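Chemist: Between the sequences and the hints, there should be enough to build the whole structure, so can you do that?
Number of protein chains: 2
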Amino acid sequence: MGEELILLDFLPSMFGARVRIALEEKGLSYEYREEELPNKKSPLLLEMNPVQKKIPVLIHNGKPICESFIIVQYIDEVWNHKTPILPSDPYAKAQARFWVDFIDKKMYAAASKITWRNNKEEVEEGKKELIENFKVLEGELGDKLYFGGDVFGFVDIALIGFSAWFDCYQTYGNLSMEDECPKLIPWVKRCLERESVSKSLAHPNKVHDIVVKLRKHIGLD
Amino acid sequence: MGEELILLDFLPSMFGARVRIALEEKGLSYEYREEELPNKKSPLLLEMNPVQKKIPVLIHNGKPICESFIIVQYIDEVWNHKTPILPSDPYAKAQARFWVDFIDKKMYAAASKITWRNNKEEVEEGKKELIENFKVLEGELGDKLYFGGDVFGFVDIALIGFSAWFDCYQTYGNLSMEDECPKLIPWVKRCLERESVSKSLAHPNKVHDIVVKLRKHIGLD
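Chains as they are written, first to last, in the numbering used here: chain A, 889 to 1109; chain B, 889 to 1109.
Identical copies carry no separate label here, and so any pair may be met within one copy or between two of them.
When the alpha-carbon atoms are kept at most 30 Å apart in a straight line, the in silico DSBU-like pairs for lysine-lysine are as follows:
hint, residue 1, residue 2
1, LYS1032, LYS942
2, LYS1077, LYS1015
3, LYS981, LYS1087
4, LYS1094, LYS929
5, LYS1071, LYS942
6, LYS928, LYS1016
7, LYS942, LYS1023
Since the hints were derived computationally from the structure, they do not count as laboratory data. The model shown is predicted, which means the values in this text are computed figures rather than measured ones.
Modeler: See below:
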């Protein structure tokens, strides 16, 4: 079956990274199309995701799938013959979904207060929330290799993209990720040993450069 | 197989209603336990959902499942032999998940500005957002019987609980749901014809009474 896969994405995005990793895990070739965010959204992005108007969008044989946590599940369900991403057991699946939902509800909002604000109170609030949330996730990881146990999976894919932003959180939040989250750092290293991850994440320096530019652009620095 | 199902819930909750409907659709008996919200959270709720501390929580043979959209998927996956809730086709499933996610991201926040604020600007903003979002959903419903087509399913379950609050939106938002969303009203009536729905939703008068009390309690009226 001839499969056409196009990914509308933005390199530093931790949400885009989820889809890139999932596609790599399944060994799927795809056409990558970088959006010129935040200045411009391509007509194709607006056509394919008219409701949320956000990347990432995966276009599979002309049909769009939106929202990273939904796209990853879609990829796992369509190409279900290799490298499972979600566990097959319904309870383990519900647990994985719970943690991905926790990441979606809590992490980006907290992180944004650090990188995209310069009101001291808001930055401090963001820092407090971010560290608290990372600690909750550290507690869930415990002594396991990955969030799901011995196997790299859905929660790892959902969280690892944030690691490319750790330098930014450290710079703008004046914090040390290693001191705050000592258990998370070895997990990040373990994930980065996977080619699917190392190939998919933007380099932290690149993310940092983009953040420096964007902060100037929106008048924060 | 002896199944023990306990639902920690709060009657007016549109999120709790999703789980009640899904359990009814599958013909499952369960023990309903009402939380005394917003004043008190039971020790069992705090033990079973220590991270989000929110209802609904379904406890299946002692193990908790949290977040209504995850619980409904869990119920559908465990009791998969009857009355499917999500479509089996991965693309249709991704679409259903997208709309449930839209409801979760947009509807409650907008509705809360109407029912739980008395700052005029915020109420107006909530009203504008709520109507806009309902219109987007009306567009998605189109001329179909249900959101998924001819069969009652995931998106219907996710949205119908809001209908028990329409009276409150009308009262506090000074709007007419029938005028604003003429296509949604017949869909509500159609859903309410299903026993799983009519048995599960709080009566609008009951919701209204609770809102009146809670608004007094938090000093809005």
